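Enquirer: As a plain string of letters, each chain reads:
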Amino acid sequence: MRGNVASCDHCDLLIGPGPAIREEIGGREAVFCCPGCRSVHALLVSEGLDGFYARRRGWTPGPPSVPPLDPETFAAAAREAGADREIDLTISGIRCASCVWVIERHLGKKRGVRYARVNYTTHRGKIRWDPTQTDAGTIAGWIAELGYAPSPGETTGMEETLARQKTDLLLRLGTAAFLSSQIMMVTAGLYAGYFQGIEQQTRTLFHLVALGLATPVLFYSGYPFLRNTVAGFRNRAPGMDTLVFLGSFSAYAYSVAMIFSGGEVYFDTTAMIITLILLGRYLEVTAKGRAAETIARLFRLVPAQARRVRNGGGGTLSVVETVPVSSIREGDIVEIIPGERIPADGVVAEGESEADESLLTGEACPVDKAPGSRVFTGTVNGSGRLRFAVTGTGRDTALSRIIRAVEEAQARRSPVQSLADRVVGYFVPAVLLVSLLTLGSRLLAGHPAVPAFLASISVLVVACPCALGLATPLAVFVGSSAAQSRGILVKGADALERGAKVDAVFLDKTGTLTRGMPRLTDVVGFALPRDDVLAIAASLESPSEHALAKAIRREGSGGKIRDVTQFRAHPGMGVEGTVGGRRFLLGRRTFLQDREVAVQEEEEEIARALSEEGKTVVWLSDGKSPLGILAATDTLRPESPECVRSLIGEGYAVAMVTGDGEAVSARIAGEAGIGTVLSALTPPEKTEAVRRARSGGSVVLMVGDGINDAPALTEADVGLAMGRGTDIALESADAVLMRDDLRLVPRFLAISKQTMRVIRQNLFWAFSYNVVAIPLAVSGRLHPIASAALMAASSLVVVGNSLRLRKEAV
Amino acid sequence: MWTTILLLFLSIVLGTGAWLLFVWAVKSDQYDDVEGQKHRILEDDE
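Residue numbers (this note's numbering), protein chains in the order written: chain W, 1 to 810; chain E, 811 to 856.
Calculated directly from the structure, the hints in this document are not laboratory data. Computed from a prediction, not measured in an experiment: that's the story for all the values here. Each statement offered as a hint is correct.
Heads up, incomplete: computed chain W residues facing chain E, CB under 8 Å, no partners named:
| id | residue |
| --- | --- |
| 1 | Asn-119 |
| 2 | Tyr-120 |
| 3 | Thr-167 |
| 4 | Leu-170 |
| 5 | Leu-171 |
| 6 | Gly-174 |
| 7 | Thr-175 |
| 8 | Phe-178 |
| 9 | Gln-182 |
| 10 | Met-185 |
| 11 | Gln-201 |
| 12 | Thr-202 |
| 13 | Leu-205 |
| 14 | Val-209 |
Pairwise CB distance ranges (calculated):
| id | chain 1 | residue 1 | chain 2 | residue 2 | range |
| --- | --- | --- | --- | --- | --- |
| 15 | W | Tyr-115 | E | Leu-831 | 17 to 27 Å |
| 16 | E | Tyr-841 | W | Tyr-115 | 17 to 27 Å |
| 17 | E | Tyr-841 | W | Arg-395 | 29 to 39 Å |
| 18 | W | Gly-93 | E | Gln-840 | 18 to 28 Å |
| 19 | E | Lys-837 | W | Arg-281 | 19 to 29 Å |
| 20 | W | Arg-694 | E | Leu-830 | 49 to 59 Å |
Restricting the straight-line Cα-Cα distance to at most 27 Å, the calculated cross-link-like pairs of lysine-lysine (DSSO-like) are:
| id | chain 1 | residue 1 | chain 2 | residue 2 |
| --- | --- | --- | --- | --- |
| 21 | W | Lys-166 | E | Lys-848 |
| 22 | W | Lys-126 | E | Lys-848 |
| 23 | E | Lys-837 | W | Lys-166 |
| 24 | E | Lys-837 | W | Lys-126 |
| 25 | W | Lys-491 | E | Lys-848 |
C-beta: ideal position from N, C-alpha, C; glycine also.
Kindly produce the complete structure, drawing on both the sequences and the hints.
Expert: So, in structure tokens, the structure goes:
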């Protein structure tokens, strides 16, 4: 080899004799093209990961190839922007802020590019260029040459609506906040004037300034409330918005009247109510926007391009061409290389590999793929090359069916009328009635019109929703931060409120009740002692990253781990290697069969018994006869039985829902202590099970982690996701367990109940203020400063009572 | 009296300036990516 052209031991690129770096590694001379490759190789070897080189089958040397782009799709997505053209691109492969930086810089240096900006959160880029100097396809090519995959960005309707809503709210909120701060300054002057005396002229000036500032707050920032109030009256269903608008409007109208009759003004009340409530709304819309973003990102998980095989499968030479995924049809043969994301649903025609389907199922262990097995869009291929026949693309895949189910469940889910809304529904008409009665009775009694009118407005002002409006949100805020400090992230205000009413708990099996990854449960030795079987298996599996290999290593790490040489992995079958001078095979039954290992009937019997329990069985052999078998299975989380016990003890109905078969489900349910098991359910059936329970009158809490749980999480009254769950599960859920600890489930329910208790107390206190103040206002005896003091006192009581939650919550 | 009016006027003018800046910021999508900016400041601009 010396003096001739060689190939780099790490990256396989051909190198001339000059620049090659030669080094002795493991008693053999290794050649590298650069110091980078040498240090990566040294690192892999020193960490015992040189199995990497054995596993990279079907790999071509050189930098990762980026599939060619179709310039026309990009040109079609571009639009006019003055004299320039502009395009929105979705760029996949962005992992950190440096990616954003390098793309922006790279494009910025090109001729003709006027503007390039990539959004770090959404992975969207906006690029503007001069059409006389370059074009969309070329720009996409520049991004692709950096190793990122651009695709014409499509926005979903939901995203756009939310983005518009968010901008609109932000403008209204910002304006209200700015004007409120100005009003506060003027009001501070007026308060000082009340106690120290103030010139009449100055006072009127301050009043007029406050009026000028408060008007846009009420009618511009408060417009959504005005709109909903009108709609609320039309539907005879006054809600929280009605109360907000009525409260702020009556304060405003009363103050305007007072400017002319010389009383106190309450423009600050008008502005603050609207500002605070807008702030809450804005935060809510932001959270919803994140959920929509996640769903949109799921759609983008589908690769934009696929390798279609023409004349594939037969004996003739097949041609592989790269085409956009949209042109793939049912029945086409598509090829996937190791590590690639699968672009369509299909059935494997050729090749063996395993696929990481954790995206769909939450199951960490890769699923073996051989001719005949189904593959799913968006899942990741393992270490083998596969060719499969397409059975579904686009909207007709398992992935998009699940996403649609989540969207449908979200749309169907009617907003639950919160306790505060219900109370307001009675309160608003009652206050309006009292106000009208005040006006009517005074006019009838022969009072002059102006004071009679003022008395009726002052009823509305003192009934102002300050304490009432704070009662629920504050308790929920303190309740959720108490939950957060205990490891539960509560996303919506109503999650706690509905959580308090839950009476049935549905638990997913894989990844929720269980760990979601296999653990070694049985080791049987035939020709060797148990411990030796385990030690050899653990040594053999040491270079492997397969979930089963990790399980074996974890269990066998106590024994004597020896170096493995001449390691070879056979995807979907097993591994082989030399340990302590002897050649061993470790893999499934068919792997041994291929190598013509003679298996005895009683050995077969033991293996069969283990697989009937739902366990994955691997055989260890020396190539002539089996030496032992190892079995692994997904096991229960240690805290699951405790969680179930305490839920049942508190009177909740507990059920397990799972997509797995009956035998495995029954065993896990038995271990966890759950009586009701719904097994072999597809994701829609899981949702259906939740819906049935709800229509039967139950309030359902669903706990899950996979994409397959997402529709059920949305359908349930309260969805609770495990912290290590998939993105979509996290976003579909109302609350997330930040630690993977099921004992947080009963804790969440307890915090919910306590929060509801505090909300009820708060509403009671807020009302007790009205019970005192409204009669005084009706009689016209309420002094304005006394009224302000009462309002402050009632708000303080509500604040103090809510803060108790932080200390007392379980 | 005049000092009061002047100060009121000044505070409202300054406030309006800030408000206009805010409206401009919202309209020109400055609030679209609040996550990326904190990373961007760490990058060297040559």
